[in-house]
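Number of protein chains: 2
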Amino acid sequence: MKLSLNQATVKRASVPEVVDVCVRNGIPAVGLWRDPVAEYGLERTAALVASAGLEVSSLCRGGFFTGLDQRLDDNRRAIDETAALGGSSVLVLVPGGVPDRDLVAARARVASALEVLAPYAEAAGVRLALEPMHPMFCADRGVVSTLAQALDLAEPYPSSVVGVVVDALHVWWDPALAVEVKRAGPRIHSYQVCDWVTPLPADVLLGRGLPGDGHIDLVGLTSLVTDAGYTGYVEVEVFNEDVWARPYDSVAADLVRRHESGWKPVVDGGHDRLPVTP
Amino acid sequence: MKLSLNQATVKRASVPEVVDVCVRNGIPAVGLWRDPVAEYGLERTAALVASAGLEVSSLCRGGFFTGLDQRLDDNRRAIDETAALGGSSVLVLVPGGVPDRDLVAARARVASALEVLAPYAEAAGVRLALEPMHPMFCADRGVVSTLAQALDLAEPYPSSVVGVVVDALHVWWDPALAVEVKRAGPRIHSYQVCDWVTPLPADVLLGRGLPGDGHIDLVGLTSLVTDAGYTGYVEVEVFNEDVWARPYDSVAADLVRRHESGWKPVVDGGHDRLPVTP
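Taken in sequence, the protein lines are chains A and B. Reading the first sequence from the start, the letters are residues 1 to 278 in full-length UniProt numbering. Reading the second sequence from the start, the letters are residues 1 to 278 in full-length UniProt numbering.
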């Protein structure tokens with residue numbers, strides 16, 4: 001499985017900077033975010049990535065369907081942008097939270113948004129990757145909480161059009177993980193890794209460790225994903241202030257080393273045993 | 001459904017103080033914790049609660065089975081203490097986290113601990129209530145992450161011996177909630193409420209709001225639990241520094257008022273619409 005660097009892991013890097021970092025460190029693909037792409041320019045980004053010989057493994061992100069406005073126009077633009085960037089043509093969809101207390105209704109708005117967007121994506125040659133999110137984000141960010149639920153939502157559509165993101169942080173705890181990754185099969189449009197570290201920081205959104213530093217069995221998860229037939233990139237997406245403060249090349253070199261070890265736990269850092277609250 | 005005050009909601013109250021607060025505010029039951037009970041004395045607590053006319057709805061907590069030591073001796077003592085306190089004779093079991101990266105093995109240690117403890121509890125007339133915990137606690141506190149998983153673990157035993165806690169905070173996000181609460185039926189040994197508030201505080205363990213202040217549809221959940229045949233108490237368990245700083249009687253009176261409204265959302269406090277991250 002080949003490595004991809006999600007731009008959020010080096011959050012402060014511009015598009016040219018993240019492209020340079022990938023090239024210098026032998027990373028063959030990049031996951032981009034819409035805001036920095038817009039800042040540098042969509043066509044310029046596509047040209048730069050192509051001339052650097054990089055593939056775009058995913059674009060983050062569309063979604064946020066669950067408010068009273070389902071943001072369908074913005075999502076159509078995100079699909080167009082994904083198509084323009086070429087590469088894997090995968091658009092990550094973050095479902096959105098529950099704006100009141102009606103979780104069932106919020107989840108239904110995800111389903112109805114897909115009804116509109118799936119044909120649009122298919123026509124554009126873009127694969128939608130619905131991201132089941134860790135239940136700690138259910139209230140304010142993602143009402144799709146399990147792989148099973150995401151796959152149920154994807155089921156009415158061809159697997160080449162609507163699939164899922166398997167993000168280690170979001171799914172590692174799921175008792176049905178092995179069964180649902182296998183079921184996902186060709187619907188795995190993106191595989192993202194990071195690690196679950198304890199204690200969580202004040203902003204849980206930033207509570208991600210580098211792969212190997214935490215509680216997730218990434219060796220096992222990567223096997224599940226491979227066994228399910230996934231042949232795409234493994235994209236490292238880490239939201240972490242300490243990682244953001246490091247030089248981009250130091251982060252990239254560190255990731256290449258961890259990737260080459262197959263995401264084995266970082267035991268030399270004292271992480272062979274992990275803290276458990278008594 | 002009658003109200004019970006879990007001692008953790010007024011964390012700094014001693015056993016006599018929490019008993020007085022319940023009596024003064026017309027709350028008919030109390031959920032106790034082992035440490036303050038031990039401090040006041042087990043027999044003295046049992047006598048005090050009985051003479052006050054209160055019922056003990058649950059004792060917190062046994063469990064933490066997932067380390068290399070399954071703490072079976074301590075759990076037998078917890079069962080004995082639960083029996084001595086009378087009342088509902090429900091012991092809450094917090095499963096424990098994953099001390100390495102082998103989540104499957106940690107979960108198996110929960111199952112093997114129950115094999116030993118279920119017969120012991122049955123002989124003591126104590127009902128074990130396994131607590132599925134929100135997946136954000138999977139790493140360091142509770143590897144049982146869904147009601148479905150807890151019910152699978154309980155299945156080999158009579159429903160009067162091994163059941164579950166339905167704690168709103170832990171289960172509200174679950175896409176299978178309605179199905180699994182119904183399935184739980186007589187295995188619901190404890191029903192606990194609080195609310196999910198955003199943003200979460202620095203210590204997510206303390207991120208609980210008073211019922212009605214957050215994103216959880218407590219009216220709906222209470223209906224599901226009632227429809228499943230549950231006739232026990234609704235116990236309010238809120239870990240929250242701001243609540244702990246309030247006078248005990250103010251907290252208790254507030255809870256009585258919210259309980260009488262059927263845990264309807266607190267709309268007059270501006271919580272009719274909730275924040276969602278765009």
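Read the hints as simulated data drawn from the structure, not as lab findings. Errors might be hidden in some of the hints.
Among chain A residues calculated to face chain B with C-beta under 10 Å, some are [as the list claims (entries may be wrong)]:
#, residue
1, P28
2, L42
3, P156
4, P158
5, D174
6, L177
7, V179
According to the in silico footprint, chain B covers these stretches of chain A (three or more CB under 8 Å from chain B) [unchecked claim]:
#, segment
8, 74-83
9, 89-95
10, 108-122
11, 135-141
The C-beta atom is built at its ideal place from N, Cα and C for all residues, glycine as well.
Here's how the hints hold up against the structure:
Interface restraint check for P28 of chain A: the shortest CB-CB distance to chain B comes to about 28 Å, outside 10 Å, so the restraint is violated. Proximity of L42 of chain A to chain B is violated relative to the hint, the smallest CB-CB distance being about 21 Å (cut-off 10 Å). Taking 10 Å as the C-beta cut-off, the interface hint given for P156 of chain A is violated, the closest approach to chain B being about 17 Å. Nearest Cβ of chain B to the Cβ of P158 of chain A: about 23 Å, over the 10 Å cut. The hint is violated.
Because the smallest distance between the Cβ of D174 of chain A and any Cβ of chain B comes to about 7 Å, under 10 Å, the interface hint for this residue holds. Hint on L177 of chain A holds. Least Cβ distance to chain B is approximately 9 Å, under the 10 Å limit. The restraint placing V179 of chain A at the interface with chain B is violated, with a minimum CB-CB distance near 12 Å, outside the 10 Å limit. Counting residues of the segment 74-83 of chain A whose beta carbon lies closer than 8 Å to any beta carbon of chain B gives 0, which falls short of the minimum of three for the stated coverage.
Coverage of the segment 89-95 of chain A by chain B is violated [criterion: at least 3 residues with CB-CB distance below 8 Å; count 0]. Counting residues of the segment 108-122 of chain A whose CB falls under 8 Å from any CB of chain B gives 0; the rule of at least 3 is not met. Counting residues of the segment 135-141 of chain A whose CB falls under 8 Å from any CB of chain B gives 6; the rule of at least 3 is met.
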